[in-house]
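Asker: These protein sequence lines map, in sequence, to chains H and A.
If you use the working numbering, the first sequence closes out at 303, no skipped numbers anywhere.
If you use the working numbering, the second sequence closes out at 303, no skipped numbers anywhere.
Check before you lean on any hint, since a few could be wrong.
Identical copies go unnamed one by one, so any copy, or any two together, can satisfy a pair.
To be verified - Straight-line distance between alpha carbons at most 25 Å, and here's what the computed DSS-like set of lysine-lysine pairs gives:
id, residue 1, residue 2
1, 262, 156
2, 186, 108
3, 163, 36
4, 230, 186
5, 250, 95
6, 60, 262
7, 163, 108
Rather than coming from a laboratory, the hints here were simulated on the basis of the structure.
2 protein chains.
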Amino acid sequence: MEIYLAQNAGFCFGVERALGIAHDTAKNSSIPIYTLGPLIHNPQVVEELRKEGIIPLENLDNIKEGILIIRSHGIPPSVIESAREKGLTIVDATCPFVKQAQEKAEMLRKADYQVVVLGEREHPEVEGILGFAGENAVCVNDHNNIKNFSLSNKIGVVSQTTQSVRVLSRVVSELVKNKREVRVFNTICTSTQLRQEAALKLAREVDCMIIVGGRNSANTKRLAQLVKERGIPAYHIETEKELEKGWFSDVDKVGLTGGASTPNWMIQRVIEGIRKLSETGLAYKGTDVKRLPI
Amino acid sequence: MEIYLAQNAGFCFGVERALGIAHDTAKNSSIPIYTLGPLIHNPQVVEELRKEGIIPLENLDNIKEGILIIRSHGIPPSVIESAREKGLTIVDATCPFVKQAQEKAEMLRKADYQVVVLGEREHPEVEGILGFAGENAVCVNDHNNIKNFSLSNKIGVVSQTTQSVRVLSRVVSELVKNKREVRVFNTICTSTQLRQEAALKLAREVDCMIIVGGRNSANTKRLAQLVKERGIPAYHIETEKELEKGWFSDVDKVGLTGGASTPNWMIQRVIEGIRKLSETGLAYKGTDVKRLPI
Numbered sequence: 010m011e012i013y014l015a016q017n018a019g020f021c022f023g024v025e026r027a028l029g030i031a032h033d034t035a036k037n038s039s040i041p042i043y044t045l046g047p048l049i050h051n052p053q054v055v056e057e058l059r060k061e062g063i064i065p066l067e068n069l070d071n072i073k074e075g076i077l078i079i080r081s082h083g084i085p086p087s088v089i090e091s092a093r094e095k096g097l098t099i100v101d102a103t104c105p106f107v108k109q110a111q112e113k114a115e116m117l118r119k120a121d122y123q124v125v126v127l128g129e130r131e132h133p134e135v136e137g138i139l140g141f142a143g144e145n146a147v148c149v150n151d152h153n154n155i156k157n158f159s160l161s162n163k164i165g166v167v168s169q170t171t172q173s174v175r176v177l178s179r180v181v182s183e184l185v186k187n188k189r190e191v192r193v194f195n196t197i198c199t200s201t202q203l204r205q206e207a208a209l210k211l212a213r214e215v216d217c218m219i220i221v222g223g224r225n226s227a228n229t230k231r232l233a234q235l236v237k238e239r240g241i242p243a244y245h246i247e248t249e250k251e252l253e254k255g256w257f258s259d260v261d262k263v264g265l266t267g268g269a270s271t272p273n274w275m276i277q278r279v280i281e282g283i284r285k286l287s288e289t290g291l292a293y294k295g296t297d298v299k300r301l302p303i
Numbered sequence: 010m011e012i013y014l015a016q017n018a019g020f021c022f023g024v025e026r027a028l029g030i031a032h033d034t035a036k037n038s039s040i041p042i043y044t045l046g047p048l049i050h051n052p053q054v055v056e057e058l059r060k061e062g063i064i065p066l067e068n069l070d071n072i073k074e075g076i077l078i079i080r081s082h083g084i085p086p087s088v089i090e091s092a093r094e095k096g097l098t099i100v101d102a103t104c105p106f107v108k109q110a111q112e113k114a115e116m117l118r119k120a121d122y123q124v125v126v127l128g129e130r131e132h133p134e135v136e137g138i139l140g141f142a143g144e145n146a147v148c149v150n151d152h153n154n155i156k157n158f159s160l161s162n163k164i165g166v167v168s169q170t171t172q173s174v175r176v177l178s179r180v181v182s183e184l185v186k187n188k189r190e191v192r193v194f195n196t197i198c199t200s201t202q203l204r205q206e207a208a209l210k211l212a213r214e215v216d217c218m219i220i221v222g223g224r225n226s227a228n229t230k231r232l233a234q235l236v237k238e239r240g241i242p243a244y245h246i247e248t249e250k251e252l253e254k255g256w257f258s259d260v261d262k263v264g265l266t267g268g269a270s271t272p273n274w275m276i277q278r279v280i281e282g283i284r285k286l287s288e289t290g291l292a293y294k295g296t297d298v299k300r301l302p303i
């Protein structure tokens with residue numbers, strides 16, 4: 010059996026940057042450090058951070074002092090405000106691409122657009138963007154959603170950074186049909202798109218795909234979903250412990266990818282895990298565990 | 010045979026308004042009156058206007074004095090400027106919906122958008138709008154066209170007022186895929202859309218359709234094309250003289266519509282024309298020649 014790793018698998022710029030900021034903060038501070046929700050959507054990485062003293066919280070209710078790291082997905086301005094009022098020190102690790110979506114949403118609100126945010130209503134990134142988009146903003150997850158809302162004639166559109174361009178394009182094409190003005194900022198992050206394209210490209214060449222990443226990671230789930238939609242057997246796992254020998258029984262080539270919040274060390278562990286399964290007849294070819302050629 | 014007239018057939022608001030302005034100008038002036046190109050795209054109406062002293066010109070080269078009526082389709086600002094320099098009196102009969110498209114194009118240009126105009130490159134309305142949209146503006150007539158241009162990342166979109174919403178929607182959905190910002194003004198005139206929808210609705214109920222209007226009228230041509238695309242026999246005529254008996258040989262129900270620049274008196278003449286053909290067995294039912302119920 011041959012193992013191939015997709016291009017663009019693993020950490021994106023925003024996640025890498027947030028982790029760097031977190032490590033630096035931990036190194037240089039003696040007061041408690043918190044994040045609201047996990048810093049990134051990967052339980053194994055968050056566990057490592059906890060060892061450095063970075064504690065994820067569900068809310069700020071019982072916190073009186075310390076540093077609050079704003080996680081890569083960002084948070085609504087009202088929450089930042091209340092953290093400031095408590096006297097917490099704010100360290101902003103919001104992904105710059107997410108920040109751009111927030112800024113565009115805020116600008117649109119100030120210019121009297123009703124803002125439509127394409128994304129998953131429950132995702133923290135979307136919650137943050139909606140905080141900047143104003144009270145009459147709405148969240149849709151596809152073009153069919155739009156008709157549930159009575160929208161104004163002056164619409165601004167921004168997107169969760171991990172959405173697919175195809176869905177954004179459909180949403181906008183519906184809005185344009187009966188609105189006088191539609192102003193769209195394509196705030197989808199290129200790295201998400203590249204990662205998805207690379208995963209689908211690899212999926213066409215292999216017999217099954219392993220997608221590594223947090224079960225709470227929206228972009229990892231979407232990677233798995235996209236691959237499955239093409240009819241390729243695909244398994245979404247968090248760690249190498251979940252690998253099952255049965256998945257590889259009729260498989261000559263297996264493809265691997267990881268979400269934006271999946272560390273390379275975890276991808277490497279999964280590769281090693283598959284290697285170990287090879288003791289009973291699976292042959293692992295390739296030396297570069299970071300990027301195997303397709 | 011029964012004859013049905015589509016809802017919304019004939020003169021639109023902008024054409025009716027332009028004709029009103031032209032008639033008033035002719036009544037109250039003793040100096041020569043000109044239009045650049047025909048006031049509206051209907052040769053029979055233009056002929057009537059000529060009798061009132063309103064002369065359509067191809068250009069202003071040999072004109073030294075008089076009144077220039079800006080026709081319903083509008084003209085580029087540079088042409089208005091040169092008419093003013095000649096000392097001509099300007100009477101503006103530009104359709105207010107076309108004017109809105111011009112104003113949005115101008116606003117987008119001033120705000121540093123590269124303007125994409127959806128429309129027919131050779132149509133005077135588009136030529137006018139492009140005049141306001143700036144030197145780097147481009148004209149496309151469908152979504153396939155877009156890839157012919159290397160466009161900026163900040164795109165403004167306006168449409169010729171008579172385009173179909175479906176095509177606008179497709180063009181925008183393409184642009185959104187790889188541009189950072191796309192700001193769309195849907196400047197399509199509702200009356201065009203309503204006329205098209207009513208024609209298609211009627212076409213489903215009848216055996217053949219007669220579309221009355223100038224052969225130089227883009228919106229009339231599009232009406233005929235839309236009906237033909239649905240597989241209904243459709244005949245685009247300017248006057249009742251073009252009616253052919255053979256068209257109605259196997260026809261129980263005939264539908265009629267007219268473009269935005271088609272006067273009601275011409276539609277009535279066509280109805281009378283079909284009536285006359287009925288002498289040999291065609292039965293004309295209906296009393297309201299303006300709007301026969303479907």
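Asker: Now tell me, hint by hint, if it's right for this structure.
Answerer: Each hint tested on the structure:
1. When the C-alpha separation of residue 262 and residue 156 is checked against a cutoff of 25 Å, the pair qualifies neither within a copy, at 44 Å, nor between copies, at 37 Å.
2. Only between protomers do residue 186 and residue 108 lie at most 25 Å apart by alpha-carbon distance; the minimum there is 20 Å, versus 29 Å within a single protomer.
3. When the C-alpha separation of residue 163 and residue 36 is checked against a cutoff of 25 Å, the pair qualifies neither within a copy, at 48 Å, nor between copies, at 42 Å.
4. Only between protomers do residue 230 and residue 186 lie at most 25 Å apart by alpha-carbon distance; the minimum there is 22 Å, versus 32 Å within a single protomer.
5. With identical chains, the CA atoms of residue 250 and residue 95 are never at most 25 Å apart, being 42 Å at best within one copy and 85 Å at best between copies.
6. Neither within a single protomer nor between protomers do residue 60 and residue 262 lie at most 25 Å apart by alpha-carbon distance, with minima of 37 Å and 82 Å respectively.
7. Taking the shortest Cα distances, residue 163 and residue 108 sit within 25 Å of each other both inside one copy (23 Å) and across copies (19 Å).
Taken one by one, the earlier hints fail for this structure at numbers 1, 3, 5 and 6, listed in ascending order.
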